[in-house]
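There are 2 protein chains.
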Amino acid sequence: MFAIRNSLKLVRDAALAVAAGLIFAVSALAQTDPLPSWNDTAPKAAIVSFVEKVTKEGSPDFVPESERIAVFDNDGTLWVEHPMYVQLAFALDRVKAEAPSHPEWKDTQPFKAVLESDMKALAAAGEKGLVELIMATHAGMTSDEFQKIVSEWIATARDPKFKKPYTELVYQPMLELLAYLRANGFKTFIVSGGGIEFVRPWAEKVYGIPPEQVVGSSIKTQFEMPDGTPTLFRLPQVDFIDDKAGKPVGINAHIGRRPIAAFGNSDGDLEMLQWTTMTGGTARFGMLIHHTDAEREYAYDRATEFGRLDKALDAAALNKWTVVDMKADWKQIH
Amino acid sequence: MFAIRNSLKLVRDAALAVAAGLIFAVSALAQTDPLPSWNDTAPKAAIVSFVEKVTKEGSPDFVPESERIAVFDNDGTLWVEHPMYVQLAFALDRVKAEAPSHPEWKDTQPFKAVLESDMKALAAAGEKGLVELIMATHAGMTSDEFQKIVSEWIATARDPKFKKPYTELVYQPMLELLAYLRANGFKTFIVSGGGIEFVRPWAEKVYGIPPEQVVGSSIKTQFEMPDGTPTLFRLPQVDFIDDKAGKPVGINAHIGRRPIAAFGNSDGDLEMLQWTTMTGGTARFGMLIHHTDAEREYAYDRATEFGRLDKALDAAALNKWTVVDMKADWKQIH
Numbered sequence: 049m050f051a052i053r054n055s056l057k058l059v060r061d062a063a064l065a066v067a068a069g070l071i072f073a074v075s076a077l078a079q080t081d082p083l084p085s086w087n088d089t090a091p092k093a094a095i096v097s098f099v100e101k102v103t104k105e106g107s108p109d110f111v112p113e114s115e116r117i118a119v120f121d122n123d124g125t126l127w128v129e130h131p132m133y134v135q136l137a138f139a140l141d142r143v144k145a146e147a148p149s150h151p152e153w154k155d156t157q158p159f160k161a162v163l164e165s166d167m168k169a170l171a172a173a174g175e176k177g178l179v180e181l182i183m184a185t186h187a188g189m190t191s192d193e194f195q196k197i198v199s200e201w202i203a204t205a206r207d208p209k210f211k212k213p214y215t216e217l218v219y220q221p222m223l224e225l226l227a228y229l230r231a232n233g234f235k236t237f238i239v240s241g242g243g244i245e246f247v248r249p250w251a252e253k254v255y256g257i258p259p260e261q262v263v264g265s266s267i268k269t270q271f272e273m274p275d276g277t278p279t280l281f282r283l284p285q286v287d288f289i290d291d292k293a294g295k296p297v298g299i300n301a302h303i304g305r306r307p308i309a310a311f312g313n314s315d316g317d318l319e320m321l322q323w324t325t326m327t328g329g330t331a332r333f334g335m336l337i338h339h340t341d342a343e344r345e346y347a348y349d350r351a352t353e354f355g356r357l358d359k360a361l362d363a364a365a366l367n368k369w370t371v372v373d374m375k376a377d378w379k380q381i382h
Numbered sequence: 049m050f051a052i053r054n055s056l057k058l059v060r061d062a063a064l065a066v067a068a069g070l071i072f073a074v075s076a077l078a079q080t081d082p083l084p085s086w087n088d089t090a091p092k093a094a095i096v097s098f099v100e101k102v103t104k105e106g107s108p109d110f111v112p113e114s115e116r117i118a119v120f121d122n123d124g125t126l127w128v129e130h131p132m133y134v135q136l137a138f139a140l141d142r143v144k145a146e147a148p149s150h151p152e153w154k155d156t157q158p159f160k161a162v163l164e165s166d167m168k169a170l171a172a173a174g175e176k177g178l179v180e181l182i183m184a185t186h187a188g189m190t191s192d193e194f195q196k197i198v199s200e201w202i203a204t205a206r207d208p209k210f211k212k213p214y215t216e217l218v219y220q221p222m223l224e225l226l227a228y229l230r231a232n233g234f235k236t237f238i239v240s241g242g243g244i245e246f247v248r249p250w251a252e253k254v255y256g257i258p259p260e261q262v263v264g265s266s267i268k269t270q271f272e273m274p275d276g277t278p279t280l281f282r283l284p285q286v287d288f289i290d291d292k293a294g295k296p297v298g299i300n301a302h303i304g305r306r307p308i309a310a311f312g313n314s315d316g317d318l319e320m321l322q323w324t325t326m327t328g329g330t331a332r333f334g335m336l337i338h339h340t341d342a343e344r345e346y347a348y349d350r351a352t353e354f355g356r357l358d359k360a361l362d363a364a365a366l367n368k369w370t371v372v373d374m375k376a377d378w379k380q381i382h
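So the protein lines, in turn, are chains A and B. Each residue of the first sequence is one higher than the one before, counting from 49 in the numbering used here. Each residue of the second sequence is one higher than the one before, counting from 49 in the numbering used here.
Here chain A stands alone, though its shape is the one from the complex (with noise of 0.2 Å):
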């Protein structure tokens, strides 16, 4: 009897010594840098501080885990958006791969601007032409196949800049971020103005954000049975245009909830922010990224032919959301 207790005994202070030593290994990978392409300036101190705030349990602040809700911006929060949003080069190289099926695009504006790269021309079909060129390349074909053709160019597209391909112009801090929030019980969520089954192909693989955390604008679909197989056609449609007032709309249809954090970088992600944090009591979150290193990456705001975060900006100092200023806060880009 005294042999088995005694045993027992052994056991016990063994399993205790494992565990101690776990805790330690634990608290070890704690104490690593979990944003280490962030410089120590304000933003980072302000991000850790929220978070700090919302996950401590008894804290008046604490949220809990199902409700850390945080949306992010896609192009110029999480990737590049210079010197065109990406989904545009996309849809540019897609006229030029579908021109000899369609031959009347070269005598056709603004497919002949496009055909001839002349961007004046493009630029001079405004929005119209805009909402065409999508039309055309974003419609016609069923959603697989149409993820298929998104899959297949962002493999092989390069950025003219940088010469690499675009997914890894992805933005190395706002990547350690998604990764900081999701190991403190935060959802993460891609909120995007583009094209919602233009990002869903490749975010769970580049953000780690899979397809049903993805918001954005998109075209009608229509379910159809062509020789009995269940598909669904994309139509020359619009949708829903998730941007600017259409981002707080597109995230209460997908989410359900109000975040708690919110990433942006242009007057685009104005109501977004707006939605997310002005809410009274409860601790939130804004964030808006700055572009400012022309060295390392572009440098553009209110005042450039880019410039769209003008009335942010003006916001962000009247409700302290934290403004990243690229060049002084990012130690790496990309």
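Simulated from the structure, these hints should not be mistaken for laboratory data.
Which copy is meant is left open, so a pair is good if it fits within one copy or across any two.
Restricting the straight-line Cα-Cα distance to at most 27 Å, the calculated cross-link-like pairs of lysine-lysine (BS3-like) are: (1) K101 / K253; (2) K253 / K104; (3) K168 / K212.
Since the structure of chain A is provided, determine the placement of chain B on it from the hints.
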């Protein structure tokens, strides 16, 4: 040196003993029946067999966790839908509650019929009348206000036959099935013909399904900032009908990948089951709940007034979907 090595060995042996104990405890747990309210008939065997083959690594039917998406209709599949959809009972109660602010309703159909409990006149108002009732009771307030109204109603309303809150009239076998799938790495979604914002306020508590995993019909919302406070205002305009051919569209819009298992109970679920299962090659699962139990619940199918399980029942035979005979296959209903 020898002493240290010996101590280390002791610790290792003890740790192994602890681990063995844990494994034993886990196996014992795994052997308790995860579906106790299902009789040991074909449907239960089919579910277990499907789950085992898609979760067994190395099996030709193995599906990685991220792709284990299961979709569930709500009305008649997860909870009672007789004698009328619960959401219609909500709309009728709301008309009565709001009537004092709408004196014109007592002379206007379909509101007059509701206030006089004249179900024949209500039926005569048809789908047009139904849409009018939905718009009058579901729009004209913010999304936060609507959520509060639904939450208060669902906490107090009682089913006319069972005299219980509707949330107690969910099907126990289906709750077990949801939990069993989640324990096996599935992500479970509701794909309801009913209103997305009607289901979300209570789905997490009742089914363990968070708002972001609810797909449903919707009305349009608009972002507004009255008095500087961001709100989403509910407009009296249909946005999307998540029924029949709309279900695959809704699934694609919200989930962005094809489910591997779908559960329904009516012709409204036909296309969802087709979209899920008719893909060739890989392992898929389709199930229809057939209401056959007049004593414990209701019995209805193709022949009854509420009989919308007609085309789907034919398709079940064709596509080898599992049909649950409620009376024979469910040990307990609520």
